[in-house]
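J.: Build out the structure end to end from the sequences listed, making use of the hints.
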Amino acid sequence: MNTGTQPPAFVAIIGAGPAGLMAAEVLAQAGARVAVYDAMPSVGRKFLLAGVGGMNITHSEALEPFLSRYGERRDAIAPLLAAFSPTELREWIHGLGIATFVGSSGRVFPTDMKAAPLLRAWLQRLRGAGVQLHVRHRWLGWDADGALRFASEAGEQAVKADAVVLALGGASWPRLGSDGSWLPLLAERGVSIAPLQAANCGFEVNWSAHLCEKFAGSPLKNVVLSFTDAAGELHRKQGEFVVSEAGVEGSLIYAFSARLRQAIAQAGSATIHVDLTPGKDTARLIGELDHPRGSRSMSSHLQSRVGLGGVKAALLWECVSKDDFADPARLAAAIKALPIQLQAARPVAEAISTAGGVRFEALTDGLMLSALPGVFCAGEMLDWEAPTGGYLLTACFASGRKAGQGVLAWLGNDNT
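The opening residue of the sequence shown carries number 1 in the numbering used here; numbering runs sequentially from there.
For the record, the hints were derived by calculation from the structure and aren't laboratory data.
Positions of the beta carbon are idealized from the N, C-alpha and C atoms, including for glycine.
A portion of the hints provided could be inaccurate.
EDC-like mimics (lysine to aspartate or glutamate), calculated; alpha carbons at most 16 Å apart, straight line [stated by the list, open to error]:
#1 Lys336 <-> Glu288
#2 Lys237 <-> Asp275
#3 Lys221 <-> Asp275
#4 Lys221 <-> Glu240
#5 Lys160 <-> Asp145
#6 Lys336 <-> Asp281
#7 Lys336 <-> Asp324
#8 Lys214 <-> Glu318
#9 Lys280 <-> Asp290
#10 Lys214 <-> Glu245
#11 Lys160 <-> Asp143
#12 Lys336 <-> Asp275
DEER-style ranges, computed between Cβ atoms [said to hold, decoys possible]:
#13 Gly146 <-> Gly217: 49 to 55 Å
#14 Glu240 <-> Thr282: 20 to 26 Å
#15 Gly31 <-> Ser251: 39 to 45 Å
#16 Thr282 <-> Arg175: 44 to 50 Å
#17 Leu140 <-> Ala194: 19 to 25 Å
#18 Phe10 <-> Glu240: 47 to 53 Å
#19 Gln238 <-> Arg305: 21 to 27 Å
#20 Glu156 <-> Arg189: 15 to 21 Å
#21 Thr364 <-> Glu188: 18 to 24 Å
#22 Ala349 <-> Ala129: 31 to 37 Å
#23 Ser300 <-> Pro219: 20 to 26 Å
#24 Arg175 <-> Pro79: 29 to 35 Å
#25 Pro339 <-> Gln124: 23 to 29 Å
T.: In structure tokens:
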């Protein structure tokens, strides 16, 4: 990269999340001069938010099932994880002095469950390597001379770099900095971009006013969600989700969000089925429901014989006809497969992550934009998605590392 007669190459990284910071580390360790720019007042804001309630950094499952979590973009993500696997990510975290452990679900966490200590240790190492951090610098594109334009507190600034890494995120949680404002800046320069959509998101349901008033925010624990996609394939998963004022959200819903979003796009709506009593089969339920209830109300009967109360019972009343309550067989069938029709995904700004972005077909193997030599992309702004569980962060780290290596290869070949 440097013959000794020229100063080290200068690389500008725009976006101070995990992908951008990982690219910065790779480049600084190789001797490049690196500056990281971020629009927010501090770095890693979404990363820190992801750590609220437990910093799920990656997952311990074998690589093949791990890769399957990336769906249609499995083949694009595979080379990134081959070069920086979940195991190597965990070892890298240990190198920062942060111990990790594997939870009962297979998810990997720092021992203190927090993101802040990891970020502090990482930033200390980056500063020690000479990486400059510039906050409150919003990228505005390029000027006529090809310099990067930034809006800062000191006014607009122009920065000339030998290479650029864009790690600008998607459009989820825009208040933390990822607002998708980069899309027109790249689109107008011929970069192929898939429309941004909500991923790991909630969905809208036309609840009654009564259900919203009484049960919005209530979790449904220990249920099984099933969904049949357009190809006729049945998908089932046990877990929990939350009834929200707008519809449904939570980990079990997020796990199905890509398929549900696709189904709604094709058919206008999607129907999920919820098993409210996974531990009881239909025959047992029919027997319990058929038991004489005397003067007790149906609600009391459901609670005492089936164990259904609270939000589960409310959902049953919401989604099942009065005639079905008079027929134990039909009511049992509804309890085992309660249909809930989803109307639309919630807005992308509310989503945990984003689908869509810069298409891999617009990039070289080193994640450089074919339309913009010397400009590389990494992180959530690329066109991929994955469920929660450590898969999102793992691919962000790996893509940042790949972009950093891509810059080094490009500078070595073309900018010596």
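J.: Do Gln238 and Arg305 keep their Cβ atoms within the hinted range of 21 to 27 Å?
T.: 23 Å Cβ-Cβ, so the 21 to 27 Å window holds.
J.: So the hint says 19 to 25 Å: do the beta-carbon atoms of Leu140 and Ala194 match that?
T.: Given a distance of about 23 Å, which is inside 19 to 25 Å, the answer is holds.
J.: In this structure, is the beta-carbon distance linking Glu240 and Thr282 contained in 20 to 26 Å?
T.: holds, 22 Å
J.: State, for the Cβ atoms of Ser300 and Pro219, whether the hinted interval 20 to 26 Å holds or is violated.
T.: holds, 23 Å
J.: Can you let me know if the beta-carbon spacing of Thr364 and Glu188 is within 18 to 24 Å?
T.: The hint (18 to 24 Å, Cβ to Cβ) holds, given that Thr364 and Glu188 are roughly 21 Å apart.
J.: Between Phe10 and Glu240, does the C-beta distance stay in 47 to 53 Å?
T.: holds, 49 Å
J.: Holds or violated: Lys336 with Asp324, Cα cutoff 16 Å?
T.: With Cα atoms ~13 Å apart, Lys336 and Asp324 stay inside 16 Å; holds.
J.: Compare the distance between the alpha carbons of Lys336 and Asp275 with 16 Å, and conclude whether the hinted pair is satisfied.
T.: holds, 4 Å
J.: Just tell me: holds or violated, for the beta carbon distance of Glu156 and Arg189 against 15 to 21 Å?
T.: Given about 20 Å between the Cβ atoms, the range holds.
J.: Lys214 and Glu318 were given as a pair; does the straight-line alpha-carbon distance stay at or below 16 Å?
T.: holds, 12 Å
J.: Assuming the hint says 23 to 29 Å, is it satisfied by the Cβ distance from Pro339 to Gln124 or not?
T.: About 53 Å separates the Cβ atoms of Pro339 and Gln124, which means 23 to 29 Å is violated.
J.: Is Lys336 within 16 Å of Asp281, Cα to Cα?
T.: holds, 8 Å
Of the numbered hints stated above, the single one contradicted by the structure is hint 25.
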